[in-house]
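2 protein chains.
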Amino acid sequence: MELVEQKKAFGGMLEVFDHQSETCHCVMRFAVFTPQQAKTSKVPVIWYLSGLTCNWSNVMEKSGIMRLAAEHGFMVIAPDTSPRGDDVANDDGYDLGQGAGFYINATQAPWAKHFHMETYIAEELPALIKKEFANADLERQGITGHSMGGHGALTLHLKNPGRYKSVSAFAPIVAPSKVPWGEKAFSAYIGEDRTDWLKHDACALVTATPSDVPILIDQGTADNFLEEQLQTHLFDEACDAGGQKVEINMREGYDHSYYFIATFLPDHFEWHAKALKD
Amino acid sequence: MELVEQKKAFGGMLEVFDHQSETCHCVMRFAVFTPQQAKTSKVPVIWYLSGLTCNWSNVMEKSGIMRLAAEHGFMVIAPDTSPRGDDVANDDGYDLGQGAGFYINATQAPWAKHFHMETYIAEELPALIKKEFANADLERQGITGHSMGGHGALTLHLKNPGRYKSVSAFAPIVAPSKVPWGEKAFSAYIGEDRTDWLKHDACALVTATPSDVPILIDQGTADNFLEEQLQTHLFDEACDAGGQKVEINMREGYDHSYYFIATFLPDHFEWHAKALKD
Numbered sequence: 000m001e002l003v004e005q006k007k008a009f010g011g012m013l014e015v016f017d018h019q020s021e022t023c024h025c026v027m028r029f030a031v032f033t034p035q036q037a038k039t040s041k042v043p044v045i046w047y048l049s050g051l052t053c054n055w056s057n058v059m060e061k062s063g064i065m066r067l068a069a070e071h072g073f074m075v076i077a078p079d080t081s082p083r084g085d086d087v088a089n090d091d092g093y094d095l096g097q098g099a100g101f102y103i104n105a106t107q108a109p110w111a112k113h114f115h116m117e118t119y120i121a122e123e124l125p126a127l128i129k130k131e132f133a134n135a136d137l138e139r140q141g142i143t144g145h146s147m148g149g150h151g152a153l154t155l156h157l158k159n160p161g162r163y164k165s166v167s168a169f170a171p172i173v174a175p176s177k178v179p180w181g182e183k184a185f186s187a188y189i190g191e192d193r194t195d196w197l198k199h200d201a202c203a204l205v206t207a208t209p210s211d212v213p214i215l216i217d218q219g220t221a222d223n224f225l226e227e228q229l230q231t232h233l234f235d236e237a238c239d240a241g242g243q244k245v246e247i248n249m250r251e252g253y254d255h256s257y258y259f260i261a262t263f264l265p266d267h268f269e270w271h272a273k274a275l276k277d
Numbered sequence: 000m001e002l003v004e005q006k007k008a009f010g011g012m013l014e015v016f017d018h019q020s021e022t023c024h025c026v027m028r029f030a031v032f033t034p035q036q037a038k039t040s041k042v043p044v045i046w047y048l049s050g051l052t053c054n055w056s057n058v059m060e061k062s063g064i065m066r067l068a069a070e071h072g073f074m075v076i077a078p079d080t081s082p083r084g085d086d087v088a089n090d091d092g093y094d095l096g097q098g099a100g101f102y103i104n105a106t107q108a109p110w111a112k113h114f115h116m117e118t119y120i121a122e123e124l125p126a127l128i129k130k131e132f133a134n135a136d137l138e139r140q141g142i143t144g145h146s147m148g149g150h151g152a153l154t155l156h157l158k159n160p161g162r163y164k165s166v167s168a169f170a171p172i173v174a175p176s177k178v179p180w181g182e183k184a185f186s187a188y189i190g191e192d193r194t195d196w197l198k199h200d201a202c203a204l205v206t207a208t209p210s211d212v213p214i215l216i217d218q219g220t221a222d223n224f225l226e227e228q229l230q231t232h233l234f235d236e237a238c239d240a241g242g243q244k245v246e247i248n249m250r251e252g253y254d255h256s257y258y259f260i261a262t263f264l265p266d267h268f269e270w271h272a273k274a275l276k277d
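These protein sequence lines map, in sequence, to chains F and E.
Reminder that position 223 of the first sequence reads as 222 in numbering that gives the first Met the number 0, one-by-one numbering, no gaps.
Reminder that position 156 of the second sequence reads as 155 in numbering that gives the first Met the number 0, one-by-one numbering, no gaps.
Misleading hints may appear alongside valid ones.
In the EDC-like style, the derived pairs of lysine to aspartate or glutamate whose C-alpha atoms are separated by at most 20 Å in a straight line are [claimed, not checked]: (1) F:Lys7 / E:Asp266; (2) F:Lys61 / E:Glu4; (3) F:Lys7 / E:Asp211; (4) F:Lys61 / E:Glu60; (5) F:Lys7 / E:Glu4.
Here are some chain E residues pointing at chain F (derived, C-beta under 7 Å) [stated by the list, open to error]: (6) Lys6; (7) Ala8; (8) Glu60; (9) Gly63; (10) Gly252.
The hints are simulated quantities; they were obtained by calculation from the structure and are not laboratory data.
Glycine included, every Cβ here is placed at the ideal spot set by N, Cα and C.
Kindly generate the complete structure, drawing on both the sequences and the hints.
Okay, here's the thing in structure tokens:
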């Protein structure tokens, strides 16, 4: 693990690391904010999964997340959104390839060599964190994310019962098997068999195998992607069908940007704190 | 005034405008955050002057300033750091020309045509705000800034007694007439006569004409520019000599970045609130 950036912030420390990923077969970069509280005790861990085109920096720079993490005494981990590099397959679109890993394991060429974001986020990176950060309390993990990262947070939570004690999402892709972003990514990464797609579709998962952890979602009504790509109402219906507890807040006039996330992130930290503290 | 961007945030509205500046003879862009409170009453105004290379977006995206403005009920105005455009003079360096207006009025070619940031910030833009934002209370203005913008905040305050009811700065250039950034900019913009430089040097101004408004400064000890360009101790000495009340906080381990600003901006808002709220 190589330290590439280190910045003091809010009494804690933001650190950015490169490491050789065995899962993704390339160097992966991620950021960790360690709050002051971790100097003296174990602290809960919040995973923040970013949206299309983003990397660790968007959330750390623009969301106010470190201020909240410092207040609550949470470690925050912000992974990248895909493998990257000259040797890694890519696509001209912003919604496929580098920056668009969709938090699944690709099985199709040319993606299958590097694009294993599900195993990377759920297995490899937690093991690395456990090894390198003695005071990261992996018994108290929460997960959240934005857009494609909201899809990642919801699906990783539903696929790994008991792993995350709290879960929330901002403007998540909830039904990737039914919307253009998901159709493009899933057909490329895992092929044309749509029954496979349902294993990575939050709506399908939550109806089939709901969680006993309540889910929080915030969604802006002025989000340009709401109607075509996000369709939040489908998740409401799927939770109803599966008996999943969910709180969905439609936020009048807010869009898809980090201004929206920054506005409502304090509520999400309160939500995670209820489950992760004590 | 043309609206180029509008984003709901923290219950208020971020708006970015272009306007034809009579002072700078070009189109100038600035951002205004209007808090919810302005719907029903007049609100104090905070001017935030940015540092080298920045424009309105750095502070609005990275500092958490809108959250604080929403909490306190302050309007925030973030002007650009210089005139810009294909017709505007420029320099290859990041510290002269576009993005580096230094909040003074240039008298030397080729800068004298457009680079009138002092009059722009102190006269033209306030007049525009008064005309366009009925609930901006210009009887209650505060000013702050970062680095070159800290120099701007301190000098504009000291040159315009009574104008700003509160003033603070992050990692300000306090003695531009003695450091490389200032020497380069002042010699280009206003010529080689160093006695002219002192009219725009916070240390010289505060010794000669101190203000009855106390000044707050935060400065990181791990700031790479501290020793050569900032030399905060000179301002401490100049305030002593002039009898100026000042609070200078040296922040252990913090650098020159927006992580530093975001960490201590809440304290600055408390400082301004003491003076601007009734």
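Right, here's what the structure says about each hint:
Of the supplied pair hints, the one linking lysine 7 (chain F) and aspartate 266 (chain E) holds, its CA atoms being roughly 17 Å apart against a limit of 20 Å. With a C-alpha separation of about 17 Å, the suggested pair lysine 61 (chain F) and glutamate 4 (chain E) falls inside the 20 Å cut-off, and the hint holds. For a cut-off of 20 Å, the pair hint linking lysine 7 (chain F) to aspartate 211 (chain E) is broken: about 34 Å separates their Cα positions. For the hint linking lysine 61 (chain F) to glutamate 60 (chain E), the alpha-carbon distance of about 5 Å falls within 20 Å, and the restraint holds.
Pair hint lysine 7 (chain F) plus glutamate 4 (chain E) does not hold up; C-alpha atoms about 32 Å apart against a cutoff of 20 Å. The interface hint given for lysine 6 (chain E) is met, as the beta carbon of that residue sits about 5 Å from the closest beta carbon of chain F, less than 7 Å. Below 7 Å, beta-carbon pairs count as interface contacts, and alanine 8 (chain E) has one with chain F at about 4 Å; its hint therefore holds. Annotation: interface hint on glutamate 60 (chain E) holds; nearest CB of chain F at approximately 5 Å, less than 7 Å.
Satisfaction of the interface hint for glycine 63 (chain E) is found here, the shortest Cβ-Cβ separation to chain F being roughly 5 Å, below the 7 Å cut-off. For glycine 252 (chain E), the shortest C-beta to C-beta distance to chain F is roughly 4 Å, which falls under 7 Å, so the interface hint holds.
Violated hints for the displayed structure, listed by number in ascending order: 3, 5.
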